Amino acid sequence: MEFLVSPVGPGTGELVAAGVGEGVWILGPLGHGFDIQAAVSACSGARGPVPGASAGLVPGGAPGSVPGASAGPARGRLVIVAGGVGVAPFLFVLEDLKSRAAAGGLPAVLTLFGFRDGVQAEALGRFESAIEGLRAVGVSAELGVISEDGSFGRSGLVTTLLAEAALRPGDAVLACGSHGMCAAVWEVCRGAGGVPAWFSLEAAMACGVGSCHGCVVRLSDGSLAEVCRRGPVFAGAEAFGEGGCACAGSGSGESEGR
Amino acid sequence: MTAGLPDLSVDLGPLRLAHPLVNGSGTLDLFEAAAALQEPALLREPPVAAYVPKTVTLRPRCGNEPPRIVETEAGLLNSIGLPNAGVEAFVEEELPRLLALPRPIILNVGGFSPEEYGLLAARLRRGVEALLGADPSAWTTRVGLELNISCPNVHSGCISIGTDPAETRSAVAGARVEWPGLLVVKLTPNVTDIVPIARAAAEAGASALSLVNTFKGLVLDRVTLRPYLGGATGGLSGPAVKPLALRLVFEVAAAVGLPIVGMGGVCSVGDVLDFMACGARVVAVGAAGFRDPWLPARLAQELAHALADRRWTLADLIGCAHRGVKNPRNVLRPPTP
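Protein sequences appear in the order of chains S and L.
All residue numbers for the first sequence refer to my numbering, where the first residue is 37 and numbers rise by one.
All residue numbers for the second sequence refer to my numbering, where the first residue is 4 and numbers rise by one.
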């Protein structure tokens, strides 16, 4: 079993220092992950006029194999947007997509990663392999990388790459990153005519099972939901709604390095 | 118990516990943990000698604005805010499945005025009677009540009830009238002198004392330099508070004759030995249970072996730290004239 770990403190430091053969006690799996089938299905068939761009189109599977799709309308894209350590879950998403490729009907996959600096980008090789793996089974897969300090890829935020990708109806988004990034991504999805999106949110957790009620975020309907139990993946409409932020923050802004 | 290991059973009022380890209120939810971890064994064989559910209040509470928890050096600062569905929903939905667990239950209530404790005790008593019968002797061996008096008195400038002996006395007396059987009063450490509070609770009819609840603390956001938690200040728990909690258990045990449930940073068998040596006959695991819900049961096993190694019984252990200690509060004597 392998883990992608960013050593930011004593706990992650110990995990990274652990050698082969050492025991690790794991509590899990916990919560609800990305519903990849739902995301793939959300890409099937455009919901409105689609610009003539051919980027991201994938020949469909057997006729009728994808509900709602036909030979005519262009397929939407599955767009992955992640920042910093938020890239980690998408290694599994990409591998899961590859395992679904045999059944046919997968959309094109566009993966957009943003990092603070080159240090965070160290694991890129694994993702490049996973994306190669998707191409090898006939899925159109692209990777865009950007870094805040310009040390890796272009300089800027991942939302810059997302803007260039020009989201359109028929696309679907999976995202994981800071609250600021997620909120900004959701705004882009709304602005693009209501592109469905799912976000893996983060909150400090004491118990991870729903005992302590410490990891709540405020949803768009005003209710509080435990990220460990209801989430960590929430649909964009549920988490952010018509605007505002599914904040685990108290409004005091970004909290890095905690 | 395995042959050769000492008997760990302890009485807490009419409750008979198979061993001294319980959970701190609000830190272990057996039903949530069993569901999330897919471990029905947690309900079949709960890893605690008695189960203490989280605080119930008269009215439903959403809890505090997030963020509600933050890690500190060897500790955890929380501002959860006692979210719960209120006592009516609790009696309807929670009480039946709690009473079906194969362990004694110590219900926990919090009030925002001394009067609310009496109302809560009365409501819970009616709920228990509806399920187990009107004769207290039928159920007082199975159900106890713990009063969380760290709550603010909203009628008295939101000063915590447990910081004032008179308010404490009033809250406990009100509950005592309504509740037969085990009545535990959970003390707050955020006081200048805990002994008068402990005495007030004892005089008002408490069967036992549990100490301590969390210590008030503050963490600032690293970037904004403003309070990190949604509730601004929070309660500190975890290994960082153990020496503080241990001292309070030591003092109360020396001053008041009631049985004590000791807690505060317990995560190893050494901690269990320490709290019991200071006079606790029951020890609660709180924050450490987040990492390992089975910890209380494991500590019980380790306690049995630790006692066997010394050839001690539980009775040898409880309060042994007090032997020969003449000045437990380390009171500075004024210079003789």
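Treat the hints with care, as some may be off.
[Stated by the list, open to error] Take a look, some chain L residues computed to stay more than 12 Å from chain S by CB distance:
hint: 1; residue: Asp32
hint: 2; residue: Pro43
hint: 3; residue: Glu48
hint: 4; residue: Lys57
hint: 5; residue: Pro69
hint: 6; residue: Arg71
hint: 7; residue: Leu85
hint: 8; residue: Pro86
hint: 9; residue: Pro99
hint: 10; residue: Glu132
hint: 11; residue: Ser140
hint: 12; residue: Arg145
hint: 13; residue: Ala290
hint: 14; residue: Arg294
hint: 15; residue: His308
hint: 16; residue: Cys323
[Claimed, not checked] One side only, chain L facing chain S, incomplete, derived with CB under 10 Å:
hint: 17; residue: Gly29
hint: 18; residue: Leu33
hint: 19; residue: Glu35
hint: 20; residue: Leu40
hint: 21; residue: Ala44
hint: 22; residue: Pro63
hint: 23; residue: Gly66
hint: 24; residue: Pro70
hint: 25; residue: Val73
hint: 26; residue: Leu79
hint: 27; residue: Asn81
hint: 28; residue: Ile83
hint: 29; residue: Ala141
hint: 30; residue: Phe218
hint: 31; residue: Gly292
hint: 32; residue: Phe293
No lab work stands behind these hints: they were computed from the structure.
Predicted, not measured: the structure shown is a model, and the values here were computed from it.
All residues carry an ideal CB built from backbone N, CA and C; glycine is no exception.
If we take the beta carbon of L/Asp32, is the closest beta carbon in chain S still more than 12 Å away?
L/Asp32 not clear of chain S: closest Cβ-Cβ about 4 Å, inside 12 Å.
Can L/Gly29 be said to touch chain S, with a Cβ gap under 10 Å?
holds, 7 Å
When the least beta-carbon distance from L/Pro63 to chain S is tested against 10 Å, hint result
Since the shortest Cβ distance to chain S is 12 Å, the answer is violated.
For the restraint on L/Phe218, tell me whether the closest CB of chain S is nearer than 10 Å.
violated, 16 Å
Satisfaction of the L/Val73 interface hint, Cβ to chain S closer than 10 Å:
holds, 6 Å
Interface exclusion of L/Ser140 relative to chain S, criterion Cβ beyond 12 Å:
Non-interface label stands for L/Ser140: nearest chain S Cβ at 33 Å, farther than 12 Å.
Is the nearest Cβ of chain S still more than 12 Å from the Cβ of L/His308?
holds, 21 Å
Far enough from chain S: is every CB of that chain over 12 Å from the CB of L/Cys323?
The assertion about L/Cys323 holds, with a minimum of 33 Å to chain S.
Is the interface hint for L/Leu33 satisfied, with its Cβ closer than 10 Å to some Cβ of chain S?
With a closest approach of 9 Å, the L/Leu33 hint holds.
Would the stated hint for L/Glu35 survive a check requiring a Cβ distance to chain S of less than 10 Å?
This hint holds: L/Glu35 lies near chain S, its Cβ roughly 4 Å from the closest one there, short of 10 Å.
Does L/Asn81 pass the interface hint, meaning its C-beta sits closer than 10 Å to a C-beta of chain S?
Since the shortest Cβ distance to chain S is 6 Å, the answer is holds.
Double-check L/Leu79 for me: the hint is only fine if its C-beta lies closer than 10 Å to a C-beta in chain S.
holds, 6 Å
Hint violations for this structure: numbers 1, 4, 5, 6, 7, 8, 13, 14, 21, 22, 29 and 30, all remaining hints satisfied.
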